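Now that you have both chains on their own, put them together as the hints suggest.
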Amino acid sequence: MVGSALKRLMAEYKQLSLNPPEGIVAGPVNEENFFEWEALILGPEGTPFESGVFRTSLHFPTDYPMSPPKMKFISDIFHPNIYPDGRVCISILHSPGDDPMGYETSAERWSPVQSIEKILLSVMSMLAEPNPESGANVDASKMWRDDREQFNKRAEVLVRQSLGLPEQL
Amino acid sequence: MEATQVKQHIKLMKEILTCPICKEPYKTAMMIDLCSHNFCSLCIRRYFNIKQECPICGQDVSSSNLAPNRIVDTMMQHHNQLSSLLQISSKSTGENKLLHDEADIMLTTDTAFNPKPANSMQPSVVLNRLTETDSISSKTKQDENDDISLQNTPDFSLGIAEFCTQSQGFSLPLTVDDKDTFSGSCDMFVPYTTSEDFTKTCDSNHEIEESLMLAQPVVLVKDEVSPVVKLSRLPENFASTRANENQGDSDMESVEKTGCPVCGLNVETENINHHIDHCLAREERNSSLRQNTPKRYKRNNPQVTKLAYNMLSLRGLQRKLREIGLPADGDKLELKRRHQEFLIKYQAEQDKLQPRRISILIEELIQEDERRRASEAVTSRQLEYPCSIQNEADRREHLKKHEKQYQMLEDLARKSFPHHQDVNMDNVEDSGEEPLKELTSHDCGEGIVPETQLIHSTLDVEIKLQNLPSLSALSPELYVGPSPSEHSLIDNNPLANGNEKVSQVNQRHSHLEKPCCSNDTVV
Numbered sequence: 001m002v003g004s005a006l007k008r009l010m011a012e013y014k015q016l017s018l019n020p021p022e023g024i025v026a027g028p029v030n031e032e033n034f035f036e037w038e039a040l041i042l043g044p045e046g047t048p049f050e051s052g053v054f055r056t057s058l059h060f061p062t063d064y065p066m067s068p069p070k071m072k073f074i075s076d077i078f079h080p081n082i083y084p085d086g087r088v089c090i091s092i093l094h095s096p097g098d099d100p101m102g103y104e105t106s107a108e109r110w111s112p113v114q115s116i117e118k119i120l121l122s123v124m125s126m127l128a129e130p131n132p133e134s135g136a137n138v139d140a141s142k143m144w145r146d147d148r149e150q151f152n153k154r155a156e157v158l159v160r161q162s163l164g165l166p167e168q169l
Numbered sequence: 001m002e003a004t005q006v007k008q009h010i011k012l013m014k015e016i017l018t019c020p021i022c023k024e025p026y027k028t029a030m031m032i033d034l035c036s037h038n039f040c041s042l043c044i045r046r047y048f049n050i051k052q053e054c055p056i057c058g059q060d061v062s063s064s065n066l067a068p069n070r071i072v073d074t075m076m077q078h079h080n081q082l083s084s085l086l087q088i089s090s091k092s093t094g095e096n097k098l099l100h101d102e103a104d105i106m107l108t109t110d111t112a113f114n115p116k117p118a119n120s121m122q123p124s125v126v127l128n129r130l131t132e133t134d135s136i137s138s139k140t141k142q143d144e145n146d147d148i149s150l151q152n153t154p155d156f157s158l159g160i161a162e163f164c165t166q167s168q169g170f171s172l173p174l175t176v177d178d179k180d181t182f183s184g185s186c187d188m189f190v191p192y193t194t195s196e197d198f199t200k201t202c203d204s205n206h207e208i209e210e211s212l213m214l215a216q217p218v219v220l221v222k223d224e225v226s227p228v229v230k231l232s233r234l235p236e237n238f239a240s241t242r243a244n245e246n247q248g249d250s251d252m253e254s255v256e257k258t259g260c261p262v263c264g265l266n267v268e269t270e271n272i273n274h275h276i277d278h279c280l281a282r283e284e285r286n287s288s289l290r291q292n293t294p295k296r297y298k299r300n301n302p303q304v305t306k307l308a309y310n311m312l313s314l315r316g317l318q319r320k321l322r323e324i325g326l327p328a329d330g331d332k333l334e335l336k337r338r339h340q341e342f343l344i345k346y347q348a349e350q351d352k353l354q355p356r357r358i359s360i361l362i363e364e365l366i367q368e369d370e371r372r373r374a375s376e377a378v379t380s381r382q383l384e385y386p387c388s389i390q391n392e393a394d395r396r397e398h399l400k401k402h403e404k405q406y407q408m409l410e411d412l413a414r415k416s417f418p419h420h421q422d423v424n425m426d427n428v429e430d431s432g433e434e435p436l437k438e439l440t441s442h443d444c445g446e447g448i449v450p451e452t453q454l455i456h457s458t459l460d461v462e463i464k465l466q467n468l469p470s471l472s473a474l475s476p477e478l479y480v481g482p483s484p485s486e487h488s489l490i491d492n493n494p495l496a497n498g499n500e501k502v503s504q505v506n507q508r509h510s511h512l513e514k515p516c517c518s519n520d521t522v523v
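Read top to bottom, the protein sequences are chains X and U. Each residue of the first sequence is one higher than the one before, starting from 1 at the first, in the working numbering. Each residue of the second sequence is one higher than the one before, starting from 1 at the first, in the working numbering.
Isolated chain U, as found in the complex (with noise of 0.2 Å):
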C-alpha cells in the first residue's frame, strides 16, 4: 500500500477512535448498552450528571447502563502504535539502511537504556516491540516444538548469517521468512526491532518476562553466532518453569514423571505438588484477570456514593467531604460540586483497567479547582470589556471628549510609516469623526489598548475582504483595504508599539466600516 494511503486510513481510524464529546482519543471508553455509542468514561459520566441520556440518539439511559468497553482502548494504543512507526518511517525517508545504521549506534552507545530527548520516538518503539516478539517468539516457538535445536535447521542459521553479515552483528529471531511476510512499510522498521528487542532482553524488564521466556531457545543459540547475544543472556530468575520443564524433559529421561492435571505437562514425581500449586495459582491469576473487571464494575465503593445534597446541612457536606479527604471549605454549592466532580472523578476512575489511587485523584481535583478560580476571575475580568457597539451617540460624544488624543494617534503613525501616508492621508480625514468604536470604553492616550480590539478590528476587515468578493463590485472605494504589504508592515514591524499598531489599524478599519454618504462612486 501507498504510504499517502496508509496515512489516510490512519487518520481515519483517528477520527473513529475519537470521543465525540470531548472531541479527544477516547480514554477509558465506556459503552451505552441499549444503543452501543461510546463515549469517554468521565464525558459521558459529567454528561449523566446533567441529563440521564445518550447524547448522540437521545435515548433515555442511566449510569447502569455504561460497561467498558475494552476493545476500543486496546485499539487505540494500537493505533497510536502504529502511527508513531508510521513517524519514524516517513522521517527516515523509507530506507532501511537509514534505520540499520541507526540502530547499530544505538546498540554501540547503549543509548536504549537511557533514551535521550533528541530521539523522541525511541521510547515509543521500545513499547512497540513487546507485541512483534510475542507473536515472532511464538512463531519460533512452534519450529521448536519438537524440542529440536535450531542449530540443526540449516536453512535458518544460513539465513541468520547472512543477515548478521549484512547488518554487521545484528542477530535476531525473525527468520528471513518472517522478513519477508511484511509488506510495505512495515518492512521498513523490521530491522529496529531486532536490536530494540536485544537490548531490551539485557533490561531486566518485567512486563517482557512472558516475552523473553518464550524468546529464550532462540536467544541461546545465537550465542555463538553474534557478541551482541552475549548481552542478552538471561538472568536466572526469567527462566520460566517451562523451559526447566523442557530442559527436564530432553536432559533426564530417566526420571519418573506424571503428567500435571492443570497444564498437562510431564513433571518429575518428586516435585508434582509443588508444580500443581504452582500452576493452580497461574490459573486463579489469569481467571482473575479476565473476570475482574466486571465484578468491580459493578460492586461500587460503599465509601463513595452519590449523596442527597439538598437533604444534607452544609455541616452534614462537609464532614461528608472530610471524611473523604476532600478540603470542606466554601459554600455549599461549592461543596457541592466538589463531591460531584470529585465522584464522577471516581468512578471514571473505577472504569479503567489499574484504576490509581484515591489521593492521587484528590490530588488532582485540587489542583484542578484552583485553576478553575483563577480562570474564572480572568472570565469575570474580561467581561467588564463591553463588547457590544454603542450607540451613536455614545461615539461620537467619546470622540469629541478625546478628538487631540486620536489626533496625536494618528500623527504618530503616519511618522512611523511614512510610506503609507499617501495611500491613507484621505481616508483619515475623511473618516476624522469617525474613531474606532470598540475603543470608545478606553483611555486611548495613554496607549493602553487591550489586545482583544485589535484582533477585533483586523478580524472584521480580513473577514470582509474573504468573503464578499462580489461587493467589491458595488463599491470599489469600500473594499480596497489595506494591501500585503501594509499587513506585513503591522505584524511585523517589531518597533510598532501598541499606539501606533491601534492607530494603524484604526485607519484601516474606519476606512472600511465608515458610512460612504459623501462617496459618489457608491450606487
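Next comes chain X alone, as it looks inside the complex (with noise of 0.2 Å):
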C-alpha cells in the first residue's frame, strides 16, 4: 500500500515539474519522505490577492490516493474558507466518507482519480472566488460580504507580508 502511494506520489511529481500549471509549485519538503510537500501557490489575478505568493503544506496518508492529504496554508492568510490556523476548507480535500458540511456531492469530494494538481487548482480558484456559504472563517466571512473594501486592504496586507515586503507604502 505504501509502495503504490509513494509510485503514485513520484509520477505526480515528475508530471508537476515537467509541466507546471502557471502559478503554481510544488514537491516533496524531503526527496527522502515523499508523503510531506510543500507548494506555493500565487494569488491569482484580478483578485485581491493578487502577485502574492502563498506558502502551503500537503501532508498525504500512507493510503493515498484511497485518501485525500491534508493542506494547510503556512503563510497567514486571510480568506472566508480558511480557517484561521491555516487548514484549507474545500470540498476535494474532504474524503468520499465525510461530508462534514453536509451539502457537498460526491462528484465534488475527493476521489482517487483527483490530483495534486487539482487540488492546487482548486484551491487557486477558491482564493479568487470565495464561497461565504460555507464559511470556514467566520470573520472573513462576514467581511467578504459586507465590507469588500476592507476586506481587499486585508488581502493586500497579506500579500505584501507573503513577498516580505513592508505592510505599508
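Heads up, some of the hints might be wrong.
Listed next, the stretches of chain X that the computed footprint assigns to chain U, with coverage defined by at least 3 CB atoms under 8 Å from CB atoms of chain U [said to hold, decoys possible]:
| no. | stretch |
| --- | --- |
| 1 | 3–13 |
| 2 | 65–78 |
Below are the BS3-like pairs computed for lysine-lysine, each with C-alpha atoms no more than 25 Å apart in a straight line [what the hints assert, rightly or not]:
| no. | chain 1 | residue 1 | chain 2 | residue 2 |
| --- | --- | --- | --- | --- |
| 3 | X | K14 | U | K27 |
| 4 | U | K332 | X | K118 |
| 5 | X | K118 | U | K11 |
| 6 | X | K118 | U | K51 |
| 7 | U | K51 | X | K7 |
| 8 | U | K51 | U | K27 |
Calculated directly from the structure, the hints in this document are not laboratory data. Fair warning: this is a prediction, and the values are worked out from it, not measured in the lab. Idealized CB from N, CA, C, for every residue including glycine.
Right, dumping it as C-alpha cells:
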C-alpha cells in the first residue's frame, strides 16, 4: 500500500515538474519522504490576492490516493474558506466518506482519480472566488460579504507580507 | 507515417491505457459494468474498501459490478511490444542494413539463446515475434492448403533465393510480397524477425508450439537453401497431429479413411477412435479456456471471505489469519488491516488470467508490511521537524542565543567563496539579525542541518525569481537574487561542506526575504 502511494506521488511529482501549471510550484519537502510536500500558490490575477505567493504544506496519508491529503497554509491568510490556523476547507479535500458540511455532492469530493494538481488549482480558484456559504473563517466571511473594501485591504497586507515587503507604503 | 507521428500516437495510447487511480499502465483492468469506467483490479478493490462508488462518475456500485476487461490487457501487451519495437528501430537509425548485421551476429554467436544485458531489447523482441510468426505462417499455410510444395512455386523460391543472397544466409518464412505490405517503420524490423524466428525454432519453447507446427512446411522447404535452417528441423514431439494427418493424406492414398466428426479431417479408420479422443480433449481445453474466466470470477473462494471485523474478538481474528497463513501478531486494528489487504490482494489475483499461488501473495504481503513499518518510522521522525515558520519573537531569541555560531558560519562561507564577498557583504551585514527562519530549531553550530531546510530555502528563492518577474520592477533590490555562477558554485562545489552551504543559502535567503524597511528604493 505504501509502495503504491509512493509510486503515485512520484508520478505526480514528475508530472508537476515536467509540466507545471501556471502559478503553482509543488514538491516534496525532502526527497527521502515523499509524504510531506510544500506548494507555493500564486495569488490569481484580478483578485485581492494578486501577486501574493502563499506557502502551503501538504501531508499525504499512507493510503494515498484512496484518502485525500491534508492541506494547510503556512503563510498567514485571511479568507472565508480557510480556517484561522491555515487548514483549507474545500470540498475536493474531503474524503468521500465524511461530509462535514452535509451538502457536497460526491462528485465534488475527493476520489482517487483527483490529483495534487487539481487540488492546487481548486485552491487557487477558491482564492479568487470565496464561497461565503461554507465559512471556515467567520470573520473573513462577514467582512467579505459586508465590507469588501476592507477585505481587499487586508488581503493586500497579507500579499505584501507573503512577499516580505513592508506592510505600509 | 512519420516516425514522430507514430510516436505521438503511441504516447496517446499510453495515456489511454493508464489507470486513473495509480496513474500507471493497467494491471488486470476491470470495468464497472454500469458506467464502463476501467481501473486496475487492485486499485478499484482498494477503493471499494473505502467507498463503494465509481471514482470517476460517482455511481453507486460494488465489487459485484466489476468484470475483467481482458481486451485492455491485450491492448496493453501490444502497446508495450510496439513501443519496444519503435525503440529498436530508432536505435538502429532506421537502416535495414544495420539490423541485418546485428541479426547476423546474433545468429552466428547464438546469443539469442542467452541474451546478454548489453542487448537489452532482445528478450522483448523474442516475445514480439510470436504474433508476427503466427500471421505470417498462417499466410503461408493458406498457400499450401492444397498440399502444393513450395518448391514448385517458382516465383516464391526466387524471392527467397534473392533475399538469402542479400542477407547472407537468411532464410525466412516471409515472402517478398509480405515484406512489401509492411509500411514505414515496420519495414525496418522485418529481417530481424526472421533470424529470431529461426533461432527460436531451434529452441524447444512450448509456447511457440503452435506457430512452429504451422511454420513447419516452410522450414522443410528451405532445408536445402541455407545452413541456418538446418538447425531448425523440428523435434519430433512437435509434429502436430494435423501435420501427421496431412502427410498421411498425401502418402497413403490407399488406406481406408473416415471423416472425424469433431474436426472434419479424414483419418485412418484404425486410428479414428484415438483421434476423436484427442480432438474432444482439445475442444474441451479450448472451451474451458474461453469460459473459465467469468466462472472463476463469480466463484469466490470460500476460504477467504470478508469478515465482520467488529463481531470478531481479537482471538477469533487471529485464528482466521492463521488459517490463511498470515502472521497474527499486532493489535486488532493491525490484524484487521492485514486481513483486508490480503483479501483485496487475493481478489485482485483471482481477476488475473493466471492467478499466482496464495503462498506467494502472503510472502508479498509480509514484505510490504515490513516496508510500511519502516516508512512509517521515517515519517514520524520527519514530522518532528517543525514545518511552519516560527514567530518573530522566537526567531530573535534564537538568533541572540546563537549569534556567534551564525557569525562563524558566515565567516566560513566568505572565506570559501572569496569572489562572492563583494556581492554578498552588504546583504549579510544588513540582515545580520535575520537568521534563517527554518534553522531556528536546530543547532547550527554543529553543522547538522537537515537536507530539508536546504531544499526549502533554495526552492523559495528559485520560485520567487521565476514566478514574479513583474515584481522586480517594484523593488529591484529585492529580486536581485543569486547569479547563475553562484548557483553552480553552491550546487557543484564538492568541497563545500554542510556549513558553508547553509550559510550561502542563508545569505541568499535573507537577502530576498528580509523586510526592507530601511531600503529607500522600495516604493
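Going through the hints against the structure:
For the stretch 3–13 of chain X, the assignment as covered by chain U holds, since 7 residues bring a beta-carbon within under 8 Å of that chain's beta-carbons and 3 suffice. Only residues whose C-beta sits within less than 8 Å of a C-beta in chain U count toward coverage, and the stretch 65–78 of chain X has 4 of them, enough to reach three; the restraint holds. For a cut-off of 25 Å, the pair hint linking X/K14 to U/K27 stands: about 21 Å separates their Cα positions. As the CA atoms of U/K332 and X/K118 are separated by approximately 36 Å, the hinted pair breaks the 25 Å bound.
At most 25 Å may separate the alpha-carbon atoms for a hinted pair to count; X/K118 and U/K11 meet this at roughly 22 Å. Taking the CA atoms of X/K118 and U/K51, the gap is near 21 Å; set against the 25 Å cutoff, the hint holds. In summary, the hint linking U/K51 to X/K7 is supported, as the alpha carbons are separated by about 22 Å, within the 25 Å threshold. Of the pairs offered as hints, the one joining U/K51 and U/K27 holds, with about 21 Å between alpha carbons and a cut-off of 25 Å not exceeded.
The structure is inconsistent with hint 4 alone, although it conforms to all the rest.
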